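Undergrad: Spelled out from the first residue to the last, the chains are:
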Amino acid sequence: MMQKPFAITLDVGSSLANKTGSWRVERPVYVDRMPPCNDGCPAGENIQGWLYHAEEGDYEAAWRGLVEDNPLPAICGRVCYHPCETACNRAKLDEAVGIHGVERFLGDRAISQGWHVTVDRPPSGKRVLVVGSGPTGLSAAYHLALLGHAVTIYEAAPAPGGMMRYGIPKYRLPRDVLDAEIEAICSLGIRLELEHPVGDVVEEMQDGSYDAVFLALGAQLSKRAYIPAADSARILDALSFLASSEDGEPPRVGRRVVVYGGGNTAMDSARTAQRLGATEAVVVYRRTRAQMPAHPVEVEETLAEGVKMTWLSTISRVEDGKIVIEKMVLDETGFPQPTGEFETLEADTVVLALGQDTDMSAIAHMGDMSVRDGVLQVDDDMMTGHPGIFAGGDMVPAERTVTIGIGHGKKAAHSIDAWLRGERHATVARHELATFDRLNTWYYSDAPKTVQPELEGIRRRSTFDEVVGGLEADNALFEARRCLSCGNCFECDNCFGVCPDNAVVKLGPGLRYSFDYDYCKGCGMCVTECPCGAIVMEPERV
Amino acid sequence: MDDQQVKFYQVGSFAVGNRLLDGGKHTVQADRARSNSLTSGHRACQGCGEALGARYALDAAMRATEGRLIAANATGCLEVFSTPYPETSWQIPWLHSLFGNAPAIATGMAAALKVKGRSDIRVVSQAGDGGTVDIGFGCLSGMFERNDDVLFICYDNEAYMNTGVQRSGATPPAARTATTEAVGAEPGNVFGQGKNMPLLAVAHEIPYVATATVAELHDLERKVEKAMSFRGARYIHILVPCPLGWGSATSDTVRLARLACETGVFPLFEAENGEITATSKIRHQVPVEEYLRPQGRYKHLFTPTPRPEILKKIQQLADRNIARFGLLAGSDEAELVGAEGS
Amino acid sequence: MLRQIEGSRAVAEAVALCRPEVVCAYPISPQTHIIEGVGVMVKSGRLSPCEFVNVESEFAAMSVSIGASAMGARAYTATASQGLLFMTEVVYNAAGLGLPIVMTVANRAIGAPINIWNDHSDAMSVRDSGWLQLFAETNQHALDLHIQAFRLAEELSVPVMVCMDGFVLTHAFERVDVPSQEEVDAWLPSFEPRQVLDPDNPVSIGAMVGPEAFTEVRYLAHVRQLQALVRIPELAAEFETAFGRGIGGLVSPYRLEGAETVVVALGSVLGTIKDAADALRDEGIPIGVLGITTFRPFPAEAIAEALEGARQVVVVEKAFSIGGHGILGADVSLATTGRGPSVYNVIAGLGGRPITEDSLRRMMLQGIERSLPPLSFLDLDSGLVERELDRMESERRSGPSAENLLRDVGTVPARAS
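One line per chain: the protein sequences are A, U and F, in this order. Here my numbering is used: the first residue of the first sequence is 3, the next is one more, and so on. Here my numbering is used: the first residue of the second sequence is 16, the next is one more, and so on. Here my numbering is used: the first residue of the third sequence is 9, the next is one more, and so on.
Just chain A, with the same shape it has in the complex:
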């Protein structure tokens, strides 16, 4: 037994009696911030959250996290214009995380592995009708089914999928992928009635004893423009053109095809025309490239396939085998004005891709429905003026994309669920945005985006094979690990490590950390050194 001299020799660790937390004037607090990807996702995916699982290689957990919000990952991974990546903070470091690639990888893997979700709620006893089996309708049906409701989908077309089948070409969305994800949704016990057009919603609601209806009719009427044309001129509307190439009776388009319009449908049409044998496809658009509504990625891919583009031009008339275009200039407000200069282009076929409208005939007679500017008005809960009838997707005011439709479907499903219980769906307050300046990026390795393999341009022009390949498992893992986990603790141990006072308690895998305020002096080092900005200092209360 040691005879320790008084005062000079001390028992180890005895300073724990000294609670230095009393020095503190500010205290660190863990927070979750909204990652920009999540913030930007129209489907409301918790992207950072599912990437977290993918980083570990736990793809199933990642997929399960993903499909909590979006039942169509394999599709979205292909066709979504990924606003998440536009918002991604990593873009400011090197390149945005290729979220869509990982999403697609997870969706494809779920298909190949047969992962599926199950309904774990007891049946609610409520019946809900979904009109339309596009992404909006499918999403709503999926979420309603998960919430325990009996769901029936009426689809006017002979096959489900809406625009995903009849508007998006195969080379962007292979049909086996589309079919697989629709089938997975339907396997939740959803009844799908094809070739069931809805003439009168109220009638159908009564006939089927539905407690609520969700309208997701889409926008499938091509807008027309008056263009003087010779009788022999071959003019097609883009939707019919794309749909007929899906039906297996591809239209003959000739050697030279002019596509009129600047949206994604225009791009798809031009690329499809080349695949149908056109040797030259030209996009004519009345404004500039920068003003094209098509997604820049689509424009890039389209140009890469050899499609030519004539900007600041309108078609004045269509003649036999050629069109006359008038050059435009932008006025000071950015609006195109005619110049009186004309040119002639050779064209065997003209495809009009000028936008779409919704066929509102099913609700036309209803006095409590409000249609403005060709779209159906809904409230914050996506309910129309008619109680119990909700609507979403292309037929309501919003941008028209697959992912927005999926988001509408989810939101509407929750609103319908609440409405059926006589409540309103409570929305969760959004966390503060995890902006780039919140991050300490020094801790992240430099790692450029994995480029998905692309079919060689010449080959892709001639086939409907999928243009963009998927990520291999290793690449998907790499890509997932590029996530900065903005605003959300990913258990990097920095706070645990950098605290000079050992005042951070590591709680174990998945449990994150807590502060030991007995000893935390409030220096704020954990805040500065948190790579993802998930800690803030708050004034200590008196």
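Rather than coming from a laboratory, the hints here were simulated on the basis of the structure. There could be a bad hint or two in this list.
Computed Cβ-Cβ distance ranges for the label pairs, DEER-style [unchecked claim]: (1) A:Arg543 to U:Pro321: 52 to 58 Å; (2) A:Arg66 to U:Pro321: 56 to 62 Å; (3) U:Gly199 to A:Lys6: 50 to 56 Å; (4) F:Thr345 to A:Asp520: 55 to 61 Å; (5) A:Asp518 to F:Asn62: 46 to 52 Å; (6) A:Lys6 to U:Val198: 47 to 53 Å; (7) U:Lys210 to A:Arg543: 46 to 52 Å; (8) U:Pro321 to A:Lys6: 53 to 59 Å; (9) A:Phe8 to U:Arg322: 53 to 59 Å.
Remember, predicted model here, so these are calculated numbers, not experimental data. Virtual Cβ for every residue (Gly too), placed ideally from N, Cα, C.
Given chain A, put chains U and F in place with the hints provided.
TA: Just chains U and F now, with coordinates in the frame of chain A:
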């Protein structure tokens, strides 16, 4: 940096932990069961770099020695804030004697262990920059030349902080201290003075010398671990920013250490037996101004009258380090390769 | 075994017999022969296991000893004079930490002016450090005191300094009785440290202690020294039983029976003093001698008792507090205050000045006559001092300060010296 063969992860090898790593490859600091050689309740200032550096280094040494570690400690902040009667924050066997004799104390410990045949127990000795480059230099040099089996760690915060921020032989040019005030024609510490202690250690041709900072934990832990793999005298010089003495935000301690490296102001290198064997490359080079501006001790370089000519001189010193040690990626050959004539 | 060897060598033999585990060496005259002697025994393997560390300074020597002692190793070093002063900070520290280090001080004067010869200024300069200080009268004393010192230090966990007069003892060849290893081993148990640095039982040694406990720490150190006053005579008695030599203890009385005059001193000068006293005794003068073996702790009670019957006490010592008084003299005065004797303090032998029997006899006679001044300097060259004082007096710049200033800058001629 080849310290860890990690599959790429979002935080690569730079954060403290990495939940995707195999257990054995974790940093010591990521381990919930780390020894916390210096535990909570110590009286270091908020954001103290030295408290952090000491725990980093000693915990790493504890892992390397499987807990068979004895420490000698010079007088200074580290000693004062850790052991005011009746409480000590140390959890390892530790002895404080005087300001200038920590290396010799350690020599005695090592000699005792040798005579008792206890090669399993290792000795570490630690001091601030004053206790190392100034008052302890004689004892340190003696310990080096005898090649005693001691790892000496200098926690360099570049001045005598415990006594109220006075200049030491490690105080950089232009820095304001209480004895190099920011007044007169050459405000702050003068140019052309000071000791490069790491290179002096290299010149002793001891088995191992390394520099490190509290900003690069993986690097620091690897160096400590490597140091413990040698027998004989070893020296690690750790830059530990001091919010009090540097006039910096308490939250900026690690950040400033990082900037010291990224500017080239503080080169990270290793040497064995008198030869420089490795340097850590700068990942994102930044001008010295980014490092200097957040520090109150350099405030006179920016306000009330900006002193670009002084900044330029400091930049030249950093550039010299960069060239001398080959700190930029791609510059494999440093100008200075070991001690000449060795 | 009786051997005719140099004092330093005798001490080296004694130290080696005590089996120190870490010995630090830094050369300084007149200590060097001791450490050389230990060194060769370590290098040859005769003293093993032992780490012999050639350090870069006395400061390091004591520091290394602290480190070794705190690790539970028996530590020894030796120094003198400037070396002792250079390590003074560490000397205090070793005592404060309560580490049982043994050190030989081969007493030597302190410069400037630099002087390598013997006096006690060095040891006296650290008398307040908390070390026990034992003074050897002969080389046999020195040898035996070292053996006792290790046991004393380790029993009480305090450092012990064995002082022996530089050159006078260290370099003197005398017959000494060197005990056998078996005898020493039997008498000196292996070192069982009171506190030790051990990974299995970690402690923090060397805490900072503030006003709330510092006085208590110092008081406890004082009490420990007072305990030594009890233990030292006991150990001397045990030593005598084991080795047959009554060496050690607190004080060493010589012919005190009926002594009206007693001369008190430390160290080797006691031999000459005893010779002078013997001569006076033979002449029928009741004079005796009291040697102080243990100077710290100061055996005030033992001294007072020994001086009980004396009318006058002459304290002869080889150091003094400049501007003040003799150091031992002051301590003896304090110990005898109110007990009768007049204490005369004689400073002698500074910087190696020989203390002759003749001078001592004159001093003793003056003491007996009570004609000594309270403080005097044996064999001071009064003529030289007077001349120097006169010269200084004549050069002293007095008068109006303005004139002095002008003289400094040369406008007024300096006075001829």
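Undergrad: Give a verdict on every hint.
TA: These are the hints, each one checked on the structure:
no.: 1; hint: A:Arg543 to U:Pro321: 52 to 58 Å; verdict: violated, 41 Å
no.: 2; hint: A:Arg66 to U:Pro321: 56 to 62 Å; verdict: holds, 58 Å
no.: 3; hint: U:Gly199 to A:Lys6: 50 to 56 Å; verdict: holds, 51 Å
no.: 4; hint: F:Thr345 to A:Asp520: 55 to 61 Å; verdict: holds, 57 Å
no.: 5; hint: A:Asp518 to F:Asn62: 46 to 52 Å; verdict: holds, 49 Å
no.: 6; hint: A:Lys6 to U:Val198: 47 to 53 Å; verdict: holds, 49 Å
no.: 7; hint: U:Lys210 to A:Arg543: 46 to 52 Å; verdict: holds, 48 Å
no.: 8; hint: U:Pro321 to A:Lys6: 53 to 59 Å; verdict: holds, 57 Å
no.: 9; hint: A:Phe8 to U:Arg322: 53 to 59 Å; verdict: holds, 54 Å
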